[in-house]
Amino acid sequence: MKKLIGSIALSLAMVFAVGAASAAEKLKIGFIYVGPIGDHGWSYQHDQGRLAIEKAFGDKVETVYVEKVAEGPDAERAIERLARKGAGLIFTTSFGFMEPTLKVAKRFPKVKFEHATGYKQSKNVATYNARFYEGRYIIGQIAAKMSKSGTAGYIASFPIPEVVMGINSFILGAQTINPNFKLKVIWVNSWFDPGKEADAAKVLIGQGADIITQHTDSTAPLQIAADKGAMGFGQASNMIKFAPKAQLTSIVDNWAPYYVRRVRAVLDGTWTSSNTWDGLTQGTVEMAPYTNMPADVAAMAKKTQAMITSGKLHPFTGPLYKQDGSMALAAGKVMDDGTLSGMNWYVKGIDGNLPK
Amino acid sequence: MGAFEAVILTIITASTPLLLAAIGELVTERSGVLNLGVEGMMIMGAVCGFAAAYTSQSAMLGVAAGLIAGVGMSLLFAFLTQTLMTSQVATGLSLTLLGLGLSGLIGEAFTGLPGIKLAALDIPFLSDIPFIGPILFGHDILVYASLAITAGAAYVLFRTRLGLIITAVGGNHHSAHALGYNVIRVRYGCIAFGGGCSGLAGAYLSLAYTPQWIENMSSGRGWIALALVVFSTWLPGRVLIGAYLFGAVWIMGLYVQALGVAIPAQLLSSLPYLVTIVALIIISGNKTLTKVNTPACIGQPFAPER
Amino acid sequence: MMLILEKRSEQSRAMTFLSPILAIGLTVVIGGFIFAGLGLDPFKALYIYFIEPMTSLWSIEELVVKAAPLILIGAGLAICYTANVWNIGAEGQLTIGALFGSAIPVYFTAWQSPLTLVLMLVLGAIGGALFGAIPALLKNRFGANEILTSLMLVYVAQLLLDWLVRGHWRDPKGFNFPQSVPFEGWQLLPLLGEGRVHMGAILAVIAVFILWVMMSRSLRGFEIRVIGSSPRAGAFAGFSQKRVVLFCFMLSGGLAGLAGICEVAGPSGQLQPTISPGYGFTAIIVAFLGRLNPIGVLFAGVLLAISYLGGEAAQVELGISDKTAQVFQGMLLFFILACDTLIHYRIKFAPGRGAAGAA
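Protein chains in written order, with my numbering: chain A, 28 to 383; chain B, 4 to 309; chain C, 10 to 368.
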């Protein structure tokens, strides 16, 4: 009996929620962030995308967000709350939200979901990611040109494919300039810990790296590089104001073009589930201005950027060799997205071992 | 700059905030009070320090603001635990919760701004001596302050009447009370001192370690400071050793990794905690060492009427 | 004016009930002013914060989901703290419990039988209890401070989970992403009703009841009380402090471990690098708010769950940041702690410098 009343109330609530959504003219768009929007990195850039939507569509949309949502059981509730509040489109912006997003999507078939960095789609769940490795190829080339010691330091977060492909892309770029370029990697086991990142940067510089790059979100490594007279690259956003004399460029996540495109599709009624992996071509990956380098290096970087943007150059083009010397990709072949997104090995030329 | 020198400098930076927070908490615990809110006081020191420094463009004002913020937070703790006699464990944990929330709120306006870096005290000639110069004379004022505070705390605790009173209050508050000492007032003072030190540690994070404000930037250092106090068996000299040992273990872990030795990052990250546990066992196993210095009244509320 | 506390000869019965109401009242009033200061309608804001979470079946169900682990862990910790045993590492015991229980679906992915679930739950409790035994043994054997060792072990446990989920226990079909195989069928807790409420909620209520009976009716409960208030008196009565320390740690650890496997086999459905949003730490506050009484913990757990859900609702409905909610929660806790003083003490105001200290 109790169950019956429960299910009646639940279905009433659902009818109401769906009814409310269709009655309102405004499209309500929800965002779930894993970090605080003040992290000035990953969540901050997604929030910039949200603001871009508000700017582009004005009165036609209404946005709402929940920040600092822990990956795990809490995420499902936060997502469902947005769906119940009549959101017609919900962006869930961290990998750990994949299963919760799919579960809620099953219960709210009319609501459209966009999940960042995941690999499972459904009828109303689309996924999207950015080809940050394209940017890393360019900064690898710049590093090899600018380094006097021939060694760069790389501060990495977790050994997942996303990060590993970034390291490989960086060294492949560098090897086109200096085949003997060395790379020292420190794994800090965190996406965001300014103190640890700063310590890692200091250790790397102490061991002779004069270029610092990172796959973590804080500005600390760049500040340390500036402090110690080394050069570095920004991450996620343009960090030039934190290191005006040391930032060479920055790989900027710009979700705005994709977000605006998807919102327009919902408004036009043309939205379908898809798996999007945009890069420099679509403007999802942007390079901050090339600064603090001679004109010829900047020109080379721009040329590489133009070639990747136009599709003439793919960072992972054969022949490619794994660290142990075995062939990973035959000459002339371009790596397919499936292999790329499951990458768990270093290319030849990296000394350390990939933690398992 | 040599690699060895760089490592030493890095260790000093990594250890300073731990030392500051730990020596403050040591004095608090000596008086018989356990304040688990170090993390909350530290993060408030960090945000207030950054905000004041950014607004006034003066790093020293930032340091002062961090100190005040830490003291303010600790007085809230003192009022609840000493005057209202609430549970110290629960109040301390709530203080951490409040500090993390409040600092985020205050810091919203200051996120993503380049900070003011606390300048190194460049002492002419001395700082220029190779190797010794940068290591001994090239730091900012908080590094020296942390050492001076530690020395000062050791002096006061073991060489002065005030130190005797603090130890008496922490050791047996009923007899201290019977001897005519104002237990509550002494504890208020020690809590405020601890808060001030935690505030300074926070200011060090946002003004010297990584000069910027980021939510949650203390990332657990307050808890490590708490561990250090026990590790030290409430002796200031050992807190100093402990803080630097902690810093050294951590930095050496990174160093070895950068040399290309593959260790799981998780093992590396858990090393400081495992080291503390082992040290705790070794130190606690030596009964004579611990018993003498452990404040017997730690965590217990004191009601004068009893 | 000086504030003086006078100890009541016995606990005030009236205050036992009035103090939480007073605390909530104070929070509501001051919170109202804060909301008004932020330019919001204070009545609407307070409604969303405190009442809204209880207005729909969905959010009541979510409330239960959120409260269940807090109660399960908080009840065990309440016993610990009554005995003056300071386990603040429940978060670690929760993690290890989740790991132990998850070993079944990870290694015997295809095994489907009601026994699977039972074994997972039992292993979860055993894992938590064993991990809880470490600080207890270190205290009994070496006298190592249990507050610190149990806290340090939290980080060790979380890093172990992180290492497993990113390494050996990774889902082979998961593109190297950090998660275990998704649990299925009898590897998941049966759900109650339409929403996400799972069997863990029933386990929590059962645990509260058993612990309440144990503390009020059994010799073991008496032993814990005596050791907690005076170890020396306990020794005269023939009670062993060491045994109580070990018992309390294993009990609270076991319950935390059970909560852990319930989270993983319930709402999560698989292992992930983070499995708990700090339940083990929040439960410490729950234990105190519940006045170290298992029944009190039941109410305290629900209250804390409301404040979480209310904070989340406020973000969505009012657009206020997550930090405001956190500050609000901190404030509520402080008021509750402060008001509880009234149970044991009478407040008096004395003119001038009081005789509180320097007698």
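These are calculated hints, taken from the structure and not from any lab test.
By construction, the Cβ of each residue, glycine as well, lies at the ideal position given by its N, Cα and C atoms.
Treat the hints with caution; some may be incorrect.
[What the hints assert, rightly or not] If you only want the chain B side, here are some residues facing chain C, beta carbon under 10 Å, derived: (1) Leu98; (2) Ala123; (3) Tyr158; (4) Leu277; (5) Asn296; (6) Ala299.
Hints versus structure:
Residue-level restraint check for leucine 98 (chain B) holds (minimum Cβ-Cβ distance to chain C is 8 Å; threshold 10 Å). A distance limit of 10 Å between C-beta atoms decides the matter here; for alanine 123 (chain B) the minimum to chain C is near 33 Å, and the interface restraint is violated. With a least beta-carbon distance of about 26 Å to chain C, the hint placing tyrosine 158 (chain B) at the interface is violated under the 10 Å criterion. Residue-level restraint check for leucine 277 (chain B) holds (minimum Cβ-Cβ distance to chain C is 6 Å; threshold 10 Å).
Because the closest C-beta pair between asparagine 296 (chain B) and chain C is about 12 Å apart, greater than 10 Å, the hint is violated. Hint status for alanine 299 (chain B): violated, given a least beta-carbon distance of 13 Å to chain C, over 10 Å.
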